[in-house]
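There are 4 protein chains.
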Amino acid sequence: MAPTTPRPVITVDVWKKPWEQEKPLHNRWHPEIPHVAQVVEGEVFRVETVDFSGGAIKDNDSAEDIKFCDASIAHYLSGPIRIIDPSGAPARPGDLLAVEILDLGALAGNEWGFTASFDRENGGSFLTDHFPNATKAIWYFEGIFAYSPHIPGVRFPGLIHPGLIGTAPSKELLDIWNAREASLVNGSVQPPTLCDILHQRPLANLPTPKGSLLGLVEKGTANWERIADEAARTIPGRENGGNCDIKNLSKGSKVYLPVFIEGANLSMGDMHFSQGDGEISFCGAIEMSGFLVLKCEIIRDGMAKYLTPMGPTLLHVNPIFEIGPVEPRFSEWLVFEGISVDESGRQHYLDSSVAFKRAVLNAIDYLFKFGYSKEQSYLLLSCCPCEARLSSIVDPPNAVVTLAIPTAIFDQDIRPQKHGPSAGPRVMRKPDVLKCSYDGSLPVTKNLASV
Amino acid sequence: MAPTTPRPVITVDVWKKPWEQEKPLHNRWHPEIPHVAQVVEGEVFRVETVDFSGGAIKDNDSAEDIKFCDASIAHYLSGPIRIIDPSGAPARPGDLLAVEILDLGALAGNEWGFTASFDRENGGSFLTDHFPNATKAIWYFEGIFAYSPHIPGVRFPGLIHPGLIGTAPSKELLDIWNAREASLVNGSVQPPTLCDILHQRPLANLPTPKGSLLGLVEKGTANWERIADEAARTIPGRENGGNCDIKNLSKGSKVYLPVFIEGANLSMGDMHFSQGDGEISFCGAIEMSGFLVLKCEIIRDGMAKYLTPMGPTLLHVNPIFEIGPVEPRFSEWLVFEGISVDESGRQHYLDSSVAFKRAVLNAIDYLFKFGYSKEQSYLLLSCCPCEARLSSIVDPPNAVVTLAIPTAIFDQDIRPQKHGPSAGPRVMRKPDVLKCSYDGSLPVTKNLASV
Amino acid sequence: MAPTTPRPVITVDVWKKPWEQEKPLHNRWHPEIPHVAQVVEGEVFRVETVDFSGGAIKDNDSAEDIKFCDASIAHYLSGPIRIIDPSGAPARPGDLLAVEILDLGALAGNEWGFTASFDRENGGSFLTDHFPNATKAIWYFEGIFAYSPHIPGVRFPGLIHPGLIGTAPSKELLDIWNAREASLVNGSVQPPTLCDILHQRPLANLPTPKGSLLGLVEKGTANWERIADEAARTIPGRENGGNCDIKNLSKGSKVYLPVFIEGANLSMGDMHFSQGDGEISFCGAIEMSGFLVLKCEIIRDGMAKYLTPMGPTLLHVNPIFEIGPVEPRFSEWLVFEGISVDESGRQHYLDSSVAFKRAVLNAIDYLFKFGYSKEQSYLLLSCCPCEARLSSIVDPPNAVVTLAIPTAIFDQDIRPQKHGPSAGPRVMRKPDVLKCSYDGSLPVTKNLASV
Amino acid sequence: MAPTTPRPVITVDVWKKPWEQEKPLHNRWHPEIPHVAQVVEGEVFRVETVDFSGGAIKDNDSAEDIKFCDASIAHYLSGPIRIIDPSGAPARPGDLLAVEILDLGALAGNEWGFTASFDRENGGSFLTDHFPNATKAIWYFEGIFAYSPHIPGVRFPGLIHPGLIGTAPSKELLDIWNAREASLVNGSVQPPTLCDILHQRPLANLPTPKGSLLGLVEKGTANWERIADEAARTIPGRENGGNCDIKNLSKGSKVYLPVFIEGANLSMGDMHFSQGDGEISFCGAIEMSGFLVLKCEIIRDGMAKYLTPMGPTLLHVNPIFEIGPVEPRFSEWLVFEGISVDESGRQHYLDSSVAFKRAVLNAIDYLFKFGYSKEQSYLLLSCCPCEARLSSIVDPPNAVVTLAIPTAIFDQDIRPQKHGPSAGPRVMRKPDVLKCSYDGSLPVTKNLASV
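Residue numbers (my numbering), protein chains in the order written: chain L, 1 to 451; chain Y, 452 to 902; chain Z, 903 to 1353; chain H, 1354 to 1804.
Hints are not guaranteed to be accurate.
[What the hints assert, rightly or not] No farther apart than 27 Å at their CA atoms in a straight line, the calculated lysine-lysine pairs in the DSS-like style are these: (1) Z:LYS1156 x H:LYS1722; (2) Y:LYS756 x L:LYS374; (3) Y:LYS869 x L:LYS305; (4) Z:LYS1207 x H:LYS1727; (5) H:LYS1658 x Z:LYS1276; (6) Y:LYS468 x Y:LYS518; (7) L:LYS23 x L:LYS219; (8) Y:LYS756 x Y:LYS622; (9) Z:LYS1276 x H:LYS1607; (10) L:LYS254 x Y:LYS825; (11) L:LYS369 x Y:LYS756; (12) L:LYS305 x Y:LYS825; (13) L:LYS305 x Y:LYS820; (14) Y:LYS705 x L:LYS369; (15) Z:LYS1156 x H:LYS1771; (16) Y:LYS756 x L:LYS418; (17) H:LYS1376 x H:LYS1563; (18) Z:LYS1320 x H:LYS1658.
[Stated by the list, open to error] Across the chosen pairs, the derived CB separations fall in these ranges: (19) H:PHE1421 x L:ASP411: 49 to 59 Å; (20) L:VAL40 x Y:GLN863: 24 to 34 Å; (21) Y:GLN863 x H:GLU1474: 41 to 51 Å; (22) L:LYS17 x H:GLY1462: 25 to 35 Å; (23) H:SER1425 x Z:ASN1088: 40 to 50 Å; (24) H:SER1425 x Y:GLN863: 50 to 60 Å; (25) L:ALA222 x Y:ASN637: 52 to 62 Å; (26) H:LEU1667 x Z:ARG1128: 52 to 62 Å; (27) H:VAL1542 x Y:GLN868: 51 to 61 Å; (28) H:PRO1562 x Z:SER1246: 30 to 40 Å.
Treat the hints as calculated values from the structure; they're not laboratory data. Ideal placement from N, C-alpha and C gives every residue a C-beta, glycine not left out.
Just chain L, with the same shape it has in the complex (with noise of 0.2 Å):
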């Protein structure tokens, strides 16, 4: 074997449950997870992931699954991997974890996602408010390319990433996350906008044993009821890295993650065949189960070297990322608009939040005018390569924010022409509701089979 075939650290067995895995999974962040797998700096190595739900949510035509779905459960990582360096000397605190992307991709057999947007009473979506039900697409894997049954008319190639991946914190910086997110809950800080309370969505999602699994750590012991008390939920992106969803994290970038731990303890997963600037939708990238093929350096000292703390601790940093010459590229887009007021008419202040909610409804309702139901164009946009931007955020009182589509996606013109959509002979597709989309009372609705 060449010396650069990747070493199979973690491997999935897709069929098991998160808990039956081989190398333990875990679904927090603490420093006291042990960890389960080591590599030297410049190792190439592969690790394997579930998907965020570790198998919970199904290929079918049922939203149940996610109407259901306890997010107590995200999102299962593989990991902790301790690093240490040739001499055998673990990345220390302080230190800089440099992570190339070199791979990834879909298991084999598995080649397959979902995209979804949770119940509003089950979590929500960025539009809870416009689309309350919890909806699915399925979406099928043809080597680079993703199509989706329930979603007709578009193909695209996929800009796969791990969605999640960090390092583990320390004992302090966590308990610095511990404290601010509940500050949040019992209201010792700024309430959020009233805009962000119509979504009816969680202010945070504070540690909680429900749902925990915590790797090594022996289930039923104090040090496990200790450690799930304490432990930060998966859900938002921090210091670490973590939760950060950037699309274009894709083969041939570089993580440059913060070190607080001895080993840096190193986790991955939350896997996406594809996601939309914003993943709009919550469950909204195209959410898979997959492997990637990474390399580590540390770089001694390189919190010094290269970041700079702010605020009361010097832990609070964020991770650099470095994108590289393969990314795919389109030519032509097409552009909507939002600025700060929102679908009721009402003015708000440079809120760039609402500003993109408006280029969103917007984008939305121009693809109905093509064919597309609106549910189908809300798992769309926030799985496909589109581009949400922060065009101007300095202009009172309205922020302006950009959506970017790119129009090769279609298997239709998209662009606005003199005679319009309706006109022509062209047998336009009809309007329907998304074929797996769950209210909660009625039958799984009509099929799109017709379209």
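Based on the hints, put chains Y, Z and H in the right spot on chain L.
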């Protein structure tokens, strides 16, 4: 002459004041500002514009002109231009006006621009709490490239665009604007977040006769007074397009603008040689005078065909844009991330503005290690072709926003290295305050000539 | 004015004859043609050029001007320009002259160009055996785009470049050129292949006073006669650069030209709005007048530092080029292949010219099925941004050459489909002879107005 | 399993000999080689291939295996695969077979490849007169990247493709091939140019039983002998596709292959991790074993719909290719030029092979100044993603060919600088002979380990 030689419909003389131009300029939105020119659908025509300040900001090493700049003069626009079809029928309310940007550039003899941040007392900018003083950098254009004597070591091709392009509002739409923006100032809608208040920036810029220039409306008449009292300021982007500051709206792009009054009354200005997403320093692109070569198409009833109004009025829509195949592309990017925890360590709820602020601060601190003063980086990130993306907007409590910088614009390798930016014999640029910053008490600070 | 306002060093008046221009033009290479202007290293300057024919080819529907065009007039160049460093020392033999192309474009009022093929009796073109008659298509420029009334259904952005840019040869180098090109004509070296002979094209274009324009050399003198007898024609590219016809030498590019005489004596012309690799129809780009904005740098002794002469003389070198980050890029291409078996079925040995010929013929036949006449496609493939690649040159007996066409330049989908280009209700464009082709016996052929 | 899980139709074991594989391989083109597998239109399937040599070239530091490689074994192919439609009807002569390349890559455990040049006595390469000895470089794959211990300082992403893919010829087409290639060897058609003769390379590779592997044809039978006598070698590309060596035929591409016999009988092999245009060193890509994931579509009567035969037979056509949106793109290129004057100073007539040779030699000499031995550069330019363009083919007597190299593949800045590559304190790599070159008399030469 070829049939495609652009017909010059509006020319400017940059050595004259805005109110001295042959075709009078305007800096307010109002349906009764008469058109100064007329073009026929399909015709190739040329429009010249002064810079947003009408020449108030000078090519020199002092930021004093920015410090005392009167914001009520922004933005001096060329137009309105009435659009008719070949039969002579004007664009009508409900139509879409497709404006194709065939070419654009600097005016001959005026190949320079400026990037600046306003003083905190004078409107401020995105990071006013960090950069309270007025600063200014001059850029010189070498054909498609720009360089600055105030920010050495960078040079990049421009992605020239009009920061501002739009149609005139109807009286009904204007009234909506004025009412909704006043609601912010008079507190009748949700207050801005604490984070924004700290910025000490204006909540909105309401109509004011002060600084008004109203084109062909006769000055000194009651009519002028009435219109000046009603006319909307041009600072924010709105339903008519306006100050969108979309950095990719360059050569080969198309804007689909809603038409609200007969003739459409197209205006434009605030040209940028280059801008970063967000335009963070407010006066934050490379601001310049310039020319545009345009062609219009009227899509009759296009608003009904392609746009979907939201809210209590049929007027609440946004333009659509089409980006063409000729945009410059960079292959390698360094990406900074921010989460919605502010620099004091406080948690905010899915606030993408806070996350973006952190990403920008992270980038500024990083570039400091490579020899750039913080003021230099602030202006640079405001005007270079960097991309600000809403990476994740759905994972409570942290929004994740990324700022991607093309590495090729620097004359040094700014990527993290094993041995750090300070290792080796390389002579570092001395961090230094911006040559032209102005803090109101000191003379112009230390020169960068030795860099 | 900004320090980067280009200094106009050579201007032209396209309504005057080449010999009437204020700064006299030239159309031959000779060290004794005096410079007409001087620029300093680092200075930003502007040069205007007439089209290669000096206005002989007109904007009309007849190919008669091409049919009787005197090839001995090609190419009317602007220059020579003497280059000095800031101390006043000129560029010297052995230096490299780095010429950065900062900007370039069409002349105001002259936004059009032409693509043509010469008559077989008059120099011919790459496919003279298939296209023996003179043909001509006019292109109009809409800013960055070009369209042709003679080739409907295509529109594309230009990749504007000087077809010809070079330094003056020394007398020694000139003698080498004349001797080696004469050796072809007088048969003292290997004869061209049968394939080429069939083309019935000139073997070389040796010096001739006929048609010569020699700049400041005084006409009617013995000196003029001597120089005209010696001066090299500008048709082929040579060691000094010259007529390289490199389609990507556009905005932001750099040319590193060897310097053979004191001052370098830089000349340029033959500007192209766009060209396909190969420039197959000979007069085959979109030929135009235009301007260039340039900046020069002298790399002292650069020939020794960077170039390696071959053969019996130190002068036998070639320029180097640098392509910058702003080139338009297309994301989808249709690729035609040719092998070195000619269209009669005869085998040739690794002959990439034959293989390229076949690829071009395959593309022409393919486009015929989409409604383009063969003449239209011949001219189109000569001037649109298609890429001709030497894919395989080592597999006896077949060279493989590919011709890649960006699909986005067409207003129809030209990709192969399951049901073929003729299926369905779509009205095909009628294949038609080129509106402006001219065969010497017939009047201008059928108009395309009905297309 | 998802419906898009590729069905493995041909697997190989790289530790076995080509003739020991479960589905027998073949290395000749003949209509009577039986298919070894069958796939249905629309099915996603997987094919594995050995490297072209079937494992004869080893991962080591000696070029001895290349020096004595038996060229008659090239190329071991997987297939033929019979293609049928869902009704069971096979592809028929006259159809087009659209083969979409959904994915492809190296085989797990075999992540390495080699680039080599053959000895002059053994087939040679494009520059045999300059590089008469066998040389070899090993490349290791780190996911999408390759690096070589024999060519330090470069690393680049692969543009993986099958060097060879094609359908089986009919007997009629096979007879045409054999007759026309024999005509070169027996001198009945035009002799190759002097330039080529100097290369001392074979004029053609005619059928020979030596080295033949014929799949399911039973060895030792008269049938085997007859087929081996008739079957075409796979060295050159031909009407059926075959050894096209088109470097951009990578993920997301489509090949439209003519069908000559019932079932199409698709074969493929000679996989390349990366190749430069031209594949100059003959064994010149990064040669590897690998897998392809494919999907086929039958376009009934597609040859008549889309192809146009030339010459005396309806069979003389070439495939068409479609390049998709996911190709890696580099933004900066250094370009070398060659004209059709050979390195002895002799003039050739519009000979693009000579011009290309000069461009390659210029690039090799240039890179020598940056520390690369000529052997290293020869192999590097053969396999890295450089582009060889026919820039001008119409300006007698000089063809102009350019070779563009992406600068990002080097770990040093290879662009010309004011002060030259030798200026400053930078330690140059010592030019050195290739570690693994083999000249037949010396032991393996000096190691590069000190570099």
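> Between LYS1156 (chain Z) and LYS1722 (chain H), does the CA-CA distance stay at or below 27 Å?
Replying inline: At roughly 20 Å apart (the allowed maximum being 27 Å), LYS1722 (chain H) and LYS1156 (chain Z) satisfy the hint.
> Does LYS468 (chain Y) pair with LYS518 (chain Y) here, judged by a C-alpha cut-off of 27 Å?
Replying inline: Judged against 27 Å, a Cα distance of about 20 Å means the pair holds.
> Between PRO1562 (chain H) and SER1246 (chain Z), does the C-beta distance stay in 30 to 40 Å?
Replying inline: holds, 31 Å
> Are the Cα atoms of LYS869 (chain Y) and LYS305 (chain L) separated by 27 Å or less?
Replying inline: holds, 10 Å
>> Would the hint linking LYS1156 (chain Z) and LYS1771 (chain H) be met if the CA-CA limit is 27 Å?
In response: Holds. LYS1156 (chain Z) to LYS1771 (chain H) sits at ~13 Å (cutoff 27 Å).
> Between LEU1667 (chain H) and ARG1128 (chain Z), does the C-beta distance stay in 52 to 62 Å?
Replying inline: For ARG1128 (chain Z) against LEU1667 (chain H), whose Cβ atoms are near 59 Å apart, the range 52 to 62 Å holds.
> Is LYS1320 (chain Z) close enough to LYS1658 (chain H), meaning Cα to Cα at most 27 Å?
Replying inline: Holds: LYS1320 (chain Z) and LYS1658 (chain H) sit about 10 Å apart, inside 27 Å.
> Holds or violated: LYS705 (chain Y) with LYS369 (chain L), Cα cutoff 27 Å?
Replying inline: holds, 20 Å
> Could one say that the CB atoms of SER1425 (chain H) and ASN1088 (chain Z) fall in the range 40 to 50 Å?
Replying inline: holds, 44 Å
>> So if I understand the rule, the pair passes when the alpha-carbon distance is 27 Å or less; does LYS1276 (chain Z) with LYS1607 (chain H) pass?
In response: With Cα atoms ~26 Å apart, LYS1276 (chain Z) and LYS1607 (chain H) stay inside 27 Å; holds.
>> Quick check on a hinted range of 52 to 62 Å for ALA222 (chain L) and ASN637 (chain Y), using CB atoms only.
In response: Given range 52 to 62 Å: holds, Cβ gap about 58 Å.
> Within a Cα-Cα threshold of 27 Å, do LYS1376 (chain H) and LYS1563 (chain H) meet the stated pairing?
Replying inline: This hinted pair holds, its Cα atoms lying about 21 Å apart.
Checked against the numbered hints above, the structure breaks none of them.
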